[in-house]
Each structure stands twice: as C-alpha cells, then as structure tokens.
Amino acid sequence: MNESKITWIVGNSVPKYIVFEPYADVVCSFLGDLSQNLLKNKTAVQYPDIISFAYFCRKANIHKKKENFAEQKIRLGRGIIFHIAPSNVPVNFAFSYVFGLLAGNGNIVRVPSKEYPHIEIICSAVNQVLEDPKYAEIKVSTAFVRYGHEDEVTEYFSSISQGRIIWGGDSAIAYIRKFSLPPRGIDIAFSDRYSFAVIDSDAVLKADEKEMERVAYAFYNDTYLMDQNACSSPQLVVWTGNHYHEAQQRFWNAVSAVAEKKYTLQPVSAIDKFMKLCIEAIEKPSVMGVTRYGNVLYAADLRELPDDADKLRGTCGYFYQYLCKDIDAIFRMVNEKYQTLVYYGLSPIQLSEFVVNNQLRGIDRIVPVGQALDIDVIWDGYDLVRTLSRIVDVR
Amino acid sequence: MSVVEKLLTEEPFSLSHEEKIQLYETELGNLTKNSYANCSIYKKILDILAYDASAEHKIEEFPFLPVRLFKEYDLLNVPKETVVKTMTSSGTTGQRVSKIYLDRTTSTNQTKVLTKICSEFLGNKRRPMLIIDSKSVLKDRNMFSARGAGIIGFSMLGRGATYALDEDLHLDLDAVNAFLGKYAGEPITLFGFTSIIWEHFFKELERVDTKLPLDGAVVIHGGGWKKLIDQQVDNEIFKKSLASRCGDITVLNYYGMVEQTGSIFMECECGRLHASNYSDVIIRNPDDFSVCGVGETGIVQLVSLLPESYPGHSILTEDIGELIGEDDCPCGRHGKTFVIHGRIKNAEIRGCSDTYERK
Numbered sequence: 189m190n191e192s193k194i195t196w197i198v199g200n201s202v203p204k205y206i207v208f209e210p211y212a213d214v215v216c217s218f219l220g221d222l223s224q225n226l227l228k229n230k231t232a233v234q235y236p237d238i239i240s241f242a243y244f245c246r247k248a249n250i251h252k253k254k255e256n257f258a259e260q261k262i263r264l265g266r267g268i269i270f271h272i273a274p275s276n277v278p279v280n281f282a283f284s285y286v287f288g289l290l291a292g293n294g295n296i297v298r299v300p301s302k303e304y305p306h307i308e309i310i311c312s313a314v315n316q317v318l319e320d321p322k323y324a325e326i327k328v329s330t331a332f333v334r335y336g337h338e339d340e341v342t343e344y345f346s347s348i349s350q351g352r353i354i355w356g357g358d359s360a361i362a363y364i365r366k367f368s369l370p371p372r373g374i375d376i377a378f379s380d381r382y383s384f385a386v387i388d389s390d391a392v393l394k395a396d397e398k399e400m401e402r403v404a405y406a407f408y409n410d411t412y413l414m415d416q417n418a419c420s421s422p423q424l425v426v427w428t429g430n431h432y433h434e435a436q437q438r439f440w441n442a443v444s445a446v447a448e449k450k451y452t453l454q455p456v457s458a459i460d461k462f463m464k465l466c467i468e469a470i471e472k473p474s475v476m477g478v479t480r481y482g483n484v485l486y487a488a489d490l491r492e493l494p495d496d497a498d499k500l501r502g503t504c505g506y507f508y509q510y511l512c513k514d515i516d517a518i519f520r521m522v523n524e525k526y527q528t529l530v531y532y533g534l535s536p537i538q539l540s541e542f543v544v545n546n547q548l549r550g551i552d553r554i555v556p557v558g559q560a561l562d563i564d565v566i567w568d569g570y571d572l573v574r575t576l577s578r579i580v581d582v583r
Numbered sequence: 009m010s011v012v013e014k015l016l017t018e019e020p021f022s023l024s025h026e027e028k029i030q031l032y033e034t035e036l037g038n039l040t041k042n043s044y045a046n047c048s049i050y051k052k053i054l055d056i057l058a059y060d061a062s063a064e065h066k067i068e069e070f071p072f073l074p075v076r077l078f079k080e081y082d083l084l085n086v087p088k089e090t091v092v093k094t095m096t097s098s099g100t101t102g103q104r105v106s107k108i109y110l111d112r113t114t115s116t117n118q119t120k121v122l123t124k125i126c127s128e129f130l131g132n133k134r135r136p137m138l139i140i141d142s143k144s145v146l147k148d149r150n151m152f153s154a155r156g157a158g159i160i161g162f163s164m165l166g167r168g169a170t171y172a173l174d175e176d177l178h179l180d181l182d183a184v185n186a187f188l189g190k191y192a193g194e195p196i197t198l199f200g201f202t203s204i205i206w207e208h209f210f211k212e213l214e215r216v217d218t219k220l221p222l223d224g225a226v227v228i229h230g231g232g233w234k235k236l237i238d239q240q241v242d243n244e245i246f247k248k249s250l251a252s253r254c255g256d257i258t259v260l261n262y263y264g265m266v267e268q269t270g271s272i273f274m275e276c277e278c279g280r281l282h283a284s285n286y287s288d289v290i291i292r293n294p295d296d297f298s299v300c301g302v303g304e305t306g307i308v309q310l311v312s313l314l315p316e317s318y319p320g321h322s323i324l325t326e327d328i329g330e331l332i333g334e335d336d337c338p339c340g341r342h343g344k345t346f347v348i349h350g351r352i353k354n355a356e357i358r359g360c361s362d363t364y365e366r367k
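Heads up: the protein sequence lines correspond to chains A and B, in order. For the first sequence, the residue numbers in my numbering are 189 to 583. For the second sequence, the residue numbers in my numbering are 9 to 367.
There could be a bad hint or two in this list.
In silico DSS-like links for lysine-lysine, alpha-carbon gap of 30 Å or less [as the list claims (entries may be wrong)]:
1) A:K193 x A:K327
2) B:K52 x A:K464
3) A:K472 x B:K107
4) A:K472 x B:K51
5) B:K79 x A:K472
6) B:K353 x A:K464
7) A:K450 x B:K353
8) B:K52 x A:K499
9) A:K449 x B:K353
10) A:K464 x B:K234
11) B:K93 x A:K464
12) B:K107 x A:K499
13) B:K235 x A:K464
14) A:K302 x B:K353
15) B:K107 x A:K464
16) B:K79 x A:K499
17) B:K79 x A:K464
18) B:K51 x A:K499
19) A:K464 x B:K66
20) B:K353 x A:K499
21) A:K464 x B:K51
22) A:K513 x B:K52
23) A:K302 x B:K234
24) B:K247 x B:K219
25) A:K472 x B:K353
26) B:K41 x A:K464
27) B:K88 x A:K472
28) B:K235 x A:K302
29) A:K464 x B:K88
30) B:K52 x A:K472
31) A:K327 x A:K253
No wet-lab data here; the hints were simulated from the structure.
Please model the entire structure based on the sequences and the hints provided.
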C-alpha cells in the first residue's frame with residue numbers, strides 16, 4: 189500500500205497488535221487524563237460537544253461504566269479496530285475511538301475529511317497525553333488518519349483489522365463492505381435509522397412552567413443540536429392522552445421559544461422548509477396541515493400514519509405529529525429502521541413491554557426526552573464493549 | 009381594458025405608495041383567486057397554509073411560492089393548449105430548469121411592459137442596438153432560455169440589432185466597427201448578460217487593448233453577479249471598467265427572474281433598483297418571513313402583475329436584498345428602491361449519514 193496517501197494525525201504508522209481486557213486500568217487512566225487535558229484547554233471548552241466528550245471520558249464516569257459492565261467472563265480486545273467516522277459530525281470519531289479502546293483494542297481512526305476545529309483540538313490532546321511513558325502501549329497501538337478518496341487505503345486497513353465500525357448511511361455501508369475483513373473480522377455498521385417521540389398530552393398540561401421549560405430545552409437538545417439530522421433525533425411526535433390541542437400548542441410554543449433563542453436558522457433553511465411544506469402539500473395526502481412557529485419550527489399534522497412513516501423526515505426544526513388514540517397503532521408501523529423512542533409522561537417499562545411483547549423489528553433505545561443524542565457504550569442496539577472484545581471461555 | 013393595459017397608458021414609475029397599495033391589493037387578490045381556481049397545485053399549497061383566497065388581504069399577506077417550485081413542477085393556470093411560449097431559466101447541464109408557461113395575453117404583456125419600462129431610460133425612439141452575445145443562443149425557438157428570451161425581448165426595443173459575438177463567443181470587432189460606422193453619431197444601446205459582457209466583451213477589449221467610441225451609449229445588462237463576485241467585480245468596478253474602454257456611457261443593471269419576465273427592476277441613474285408600476289418587492293426576515301423595513305437585510309420576495317397564465321405573481325427568490333426607500337429616490341421616480349446583496353448561502357447541515365466520500 190502507498191502510505192504517502194495517508195496523513196497521520198495521531199501515531200505515524202499502522203498500529204501494533206496490543207490488546208487489553210475491557211476497562212483495563214491503563215485505558216481508564218488514559219481517558220481520565222485525556223478528559224482533564226481537554227477540560228483545561230481554554231479553546232477546547234468553547235465547544236459544547238468537546239465538553240460532553242471530555243465529561244464522558246472523566247475518571248468517575250468511566251469508573252461507573254466499568255462497574256455497570258460487571259463481566260463474569262474473561263475478555264480480551266479483538267485486535268485492531270478500524271473506525272470510519274461520519275464526515276458531518278465533528279466528535280463522533282473520538283467516541284468511536286474510546287469504545288474501541290474500552291473494549292481493549294488497538295485502533296485506526298479515519299477522521300472526517302472536513303476541517304472541523306474539533307479534530308485538531310482532540311487529536312492534539314490525545315497526542316499530548318500519549319507522550320506519558322506509562323501509555324506507551326496505547327501509543328503504539330493508536331493511529332488517527334486522514335486520507336482522500338483512496339479505496340486502496342480503506343481496503344488495506346480493512347484487511348488488517350479484526351473489527352470495523354462504519355458510521356453513516358446505508359450506501360456508505362454497502363460501499364465499505366466491498367472491502368473484506370479477515371475471516372473472523374466483525375463489522376458494526378450504524379445505518380440510516382429513524383427516531384420518534386411519544387409525548388403524553390396530559391403530562392404536558394400538568395407540568396409547571398419550570399418543568400415545561402426543562403422539557404423544551406431537553407427536546408431542543410435532542411433535535412436542533414444536530415440540525416434534527418442525527419439518526420437518534422426524533423422526526424415524529426406521537427401524542428397520547430386526551431388534551432392534544434392545548435398540549436401541542438404549549439409544547440411547540442415552549443420549544444420554538446428555546447430554538448429562537450439558541451438556534452441559528454440559516455436563511456436557506458428557512459426557504460428549504462417552506463419548499464418542503466409546498467412539496468408535501470402537493471404530494472403527501474397524509475399531511476393535513478402545518479403549524480408554523482416562525483420559521484424556526486414547523487409542525488406538520490398527519491391525518492394518518494402512512495406505512496412508510498420512516499420516510500417522514502425533516503431537518504432544522506420540521507416535525508411531524510400524530511394524535512394516537514391507540515398506542516398499538518404506532519407499534520404496527522415500527523420496522524427495523526426505528527432506533528430511538530424518546531418519551532415524556534409515559535412509563536418506560538410499559539414502552540419496553542410493548543417492544544418485547546409485540547416482537548418489534550425495531551426500537552433499540554427508549555430514552556427520556558433530552559437523552560436522544562447521548563451516545564454511550566450501548567448504542568444502536570449493540571453493546572459495543574462486549575461486541576468489540578472476545579470471550580476467553582475457561583471451564 | 010385590463011389593469012396592465014390601463015397602466016400601459018401611464019408613465020411606468022408613476023404610482024405613489026397609496027395608489028400602488030390600493031391597486032395591488034385588488035389585483036393580487038384577483039391573480040391569487042385565478043391561480044387558486046385554475047391551478048390544482050397552487051390550491052393545495054394555499055389549502056395547507058389555511059389561506060383564504062376569497063377574503064381581502066393586505067399586500068404583504070398574499071402567499072408566495074418558492075422559485076424552486078417552478079423547477080420541480082409544471083405550474084399553469086391555463087390549459088396547455090393555450091400556451092404559446094415556454095420559457096426556461098438558464099441552468100447549466102444537469103441542473104433542473106424552471107419552466108414558465110405563457111399564453112398569448114401574458115406573453116404580449118411581458119413584451120409591452122418591458123418596452124414601457126426601458127423606454128423610460130432609452131427614450132421612445134428606437135435606438136440602434138448592439139447585442140453582446142451570439143446569435144446562436146437563439147437557435148432553439150421552441151424553448152426560450154432566460155438568455156434567449158432576454159435577447160429577443162430587448163432586441164425589440166431597438167433597431168438594426170447586431171450581435172457582437174460570433175458562434176464561439178469571440179468578439180467580432182469587424183461586425184462591431186461596421187455597426188458603429190453605420191450608426192455614427194446616433195445614440196446606441198448595448199444589451200447583454202452581465203457575465204458575458206465582462207468575460208467576452210470587456211476582457212477581450214482589454215486583451216487586444218482596444219477602445220470603442222461609444223460616447224452617449226446606454227448599456228443595459230442583467231442576469232446575475234454570481235460569476236463576477238467570484239472575481240471580486242461589483243457594480244462599481246463593472247461600470248468603471250466598461251467606461252475605461254467605451255467612453256462616456258451610461259451603464260444600467262437590471263434585476264429580474266424568468267418567473268416574472270417583463271416586469272424587470274431597472275437600476276436608475278442613482279444606482280438603485282426600482283420597482284415599476286408593474287411590480288413590487290418585499291424583503292422578508294429569514295427568521296419568520298416578517299416584513300423588513302428600510303435598511304434591513306432579508307430574503308427577496310417579488311410581486312408582479314403580469315403572470316396570468318401561471319401562478320408566478322408572488323414568488324420568494326433565493327436572493328438576499330435590502331430596501332433603500334419608497335417614492336423617495338433622488339431620480340424622482342416612484343416605487344420601492346432596493347439593492348441585491350447576492351444569493352443565499354448553501355446550508356451545511358450536521359447529521360450522521362454522510363460517511364464515505366467517493367470519487
């Protein structure tokens with residue numbers, strides 16, 4: 189392989205084969221140091237997504253995860269994990285790396301080709317912490333790379349990796365799967381997913397002003413933070429309960445008030461939303477009306493839930509809503525595309541029973557409003573640390 | 009007598025604010041009702057907006073269609089058999105183009121109104137016309153691209169229309185000199201698209217280091233600044249550069265969309281774009297589409313009285329502009345005056361399904 193096509197951002201060559209047990213002390217300590225390094229960096233803390241990453245890595249949080257992990261079996265990292273990060277989410281590459289590391293692996297991380305400041309900041313922190321001699325083993329088994337359209341490089345990295353994490357859409361996955369892993373290699377592919385919210389109208393009406401504001405901020409974070417374009421951001425709100433109209437007004441007014449304050453709506457997004465509204469008026473008989481809260485928030489009312497509801501997608505604050513008399517009706521539409529169910533005012537146990545009892549094909553996450561984007565070691569239906577490590581079965 | 013016909017008997021920039029509001033609230037109501045009754049797509053959109061076409065509305069309350077919609081759908085208020093001309097925007101290969109369907113009335117009105125507006129700046133006498141383009145643009149007469157339509161429309165304003173560029177868009181200096189010789193001493197008009205004039209006329213004059221004796225000529229140009237902004241050329245530089253090669257000339261920019269051909273916005277001697285009696289402009293705040301006041305920057309909505317055969321009387325462009333004033337331009341003409349700051353920027357939307365860039 190022609191290595192001149194690769195820019196090494198962390199490390200300078202193909203990682204050595206060094207593996208650990210999951211949550212190895214040296215790895216936990218390394219992440220704690222990385223967290224501190226980032227939180228002390230005045231430039232880094234200007235980026236909320238870097239702060240959340242640093243918080244994820246801090247000692248106490250990793251320790252808690254280690255305790256939750258509570259593995260009885262002996263496990264070891266699989267080897268080298270090749271991460272292909274999405275190009276339009278600035279910090280996912282870093283989370284992906286941490287998951288590979290926590291499972292005990294060496295890692296090759298292809299960072300986004302876009303020049304996000306996050307990449308430079310995080311990679312330079314990783315480099316600084318890796319200078320500490322006690323992390324020598326992690327250092328020689330870590331590489332962050334950037335390269336262009338070279339299939340040759342993807343092919344080579346795939347051929348030497350025991351696992352591969354592919355972030356992104358279905359077409360990207362299909363493309364990258366053309367490059368084989370070794371026979372025992374595993375792929376974790378994060379495909380196009382669809383997420384929705386179930387909100388109880390009575391709970392919204394019962395909430396006091398402070399609670400309403402909290403919920404509005406939480407929903408804002410679930411959606412607008414990623415232009416409503418993350419797989420786990422709700423596109424559709426299903427309303428249960430008895431007082432929809434008042435509840436909807438109260439909820440959307442509160443959310444749009446937060447969005448007006450915090451979200452930068454680009455003029456082109458205002459036009460795109462209005463254009464989308466026109467197209468839906470023409471082509472989607474299931475959309476019966478749209479309430480506009482300025483241009484920052486559109487709420488489109490659905491007459492019925494179409495079979496392909498997972499195609500109802502908006503960006504930058506374009507939501508669909510449906511009044512649900514019978515919650516069973518919504519579970520009938522759930523296919524394998526469905527990832528996150530965000531809830532407010534409903535019992536998560538009841539919701540999970542629905543998923544299990546109805547043998548649903550989808551819904552991998554049931555989270556309270558505000559946690560839709562909280563990426564973690566369990567994600568998209570996978571236990572990443574277990575999947576990225578192997579069991580040494582001792583009898 | 010239709011409203012447009014009635015207006016054609018007056019000066020093109022005569023209406024004051026009050027007169028215009030009165031006229032437009034009635035006329036836009038009629039155009040909206042007409043489109044609502046005859047264009048099923050238009051009706052669907054107004055229905056979803058819960059817009060009551062039969063009620064009275066203020067001028068800023070009339071609905072607008074995004075210009076992009078004309079690229080996605082065939083929008084007509086009339087049966088296709090009555091269409092006499094289909095105009096298209098000039099997109100590059102592979103791009104979708106707007107398709108605008110004109111019946112006899114709308115087509116005729118476009119020509120008459122264009123003539124009326126331009127006569128204000130060129131006088132009523134038809135002046136010799138030098139077109140800074142190639143005749144080959146007009147080859148396909150069935151589909152009128154915006155460029156072709158512009159050339160045909162403007163060439164009718166003058167006489168002895170002569171094309172300054174050959175088939176390959178090279179400046180044909182022999183043809184130009186012959187034209188200038190033939191009409192020596194007469195005030196002439198030059199017409200062309202902004203980027204074509206710059207690339208194929210001005211730059212070529214620079215290259216061969218030639219000056220043309222064009223004192224007294226009026227240069228009318230339009231079609232957008234996109235290509236020139238990339239080269240840091242603005243209206244000021246454009247004017248000065250042309251004058252350096254052509255002498256004492258008047259350079260007038262116009263602004264208009266293929267969706268509203270005819271009722272163009274001309275730049276006056278004070279450098280402002282003017283809405284005429286036939287059109288209006290509303291600047292809208294991107295945050296909520298509320299109406300911007302003088303000096304506030306926003307998305308440009310254009311209103312025209314001409315479109316009858318298609319629902320194009322009120323459109324939301326993708327341009328950013330700013331109102332300068334109304335009925336108060338030092339040039340003395342009535343109507344709103346404004347400036348265009350350029351196209352809106354493309355969005356960079358975050359999200360996670362965009363991973364692997366391919367060749």
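These are the hints, each one checked on the structure:
1. A:K193 x A:K327: holds, 22 Å
2. B:K52 x A:K464: holds, 13 Å
3. A:K472 x B:K107: Distance ~23 Å between K472 of chain A and K107 of chain B Cα, so the pair holds.
4. A:K472 x B:K51: holds, 14 Å
5. B:K79 x A:K472: Holds, at about 19 Å.
6. B:K353 x A:K464: holds, 18 Å
7. A:K450 x B:K353: holds, 20 Å
8. B:K52 x A:K499: holds, 21 Å
9. A:K449 x B:K353: Distance of about 22 Å is within 30 Å: holds.
10. A:K464 x B:K234: It holds: about 25 Å lies between the C-alpha atoms, which stays within 30 Å.
11. B:K93 x A:K464: holds, 29 Å
12. B:K107 x A:K499: Holds - the C-alpha atoms of K499 of chain A and K107 of chain B are around 28 Å apart, at most 30 Å.
13. B:K235 x A:K464: holds, 28 Å
14. A:K302 x B:K353: holds, 18 Å
15. B:K107 x A:K464: holds, 19 Å
16. B:K79 x A:K499: The given pair, whose Cα atoms are some 23 Å apart, holds under the 30 Å limit.
17. B:K79 x A:K464: holds, 14 Å
18. B:K51 x A:K499: holds, 25 Å
19. A:K464 x B:K66: holds, 25 Å
20. B:K353 x A:K499: holds, 27 Å
21. A:K464 x B:K51: holds, 16 Å
22. A:K513 x B:K52: holds, 28 Å
23. A:K302 x B:K234: Holds, because 25 Å separates the two Cα atoms, which is no more than 30 Å.
24. B:K247 x B:K219: Roughly 15 Å separates the two Cα atoms, so the pair holds.
25. A:K472 x B:K353: With Cα atoms ~28 Å apart, K472 of chain A and K353 of chain B stay inside 30 Å; holds.
26. B:K41 x A:K464: holds, 23 Å
27. B:K88 x A:K472: Since the Cα atoms of K88 of chain B and K472 of chain A sit roughly 25 Å apart, the hinted pair holds (cutoff 30 Å).
28. B:K235 x A:K302: holds, 25 Å
29. A:K464 x B:K88: This hinted pair holds, its Cα atoms lying about 26 Å apart.
30. B:K52 x A:K472: holds, 10 Å
31. A:K327 x A:K253: Roughly 23 Å between the alpha carbons, so the hint for K327 of chain A and K253 of chain A holds.
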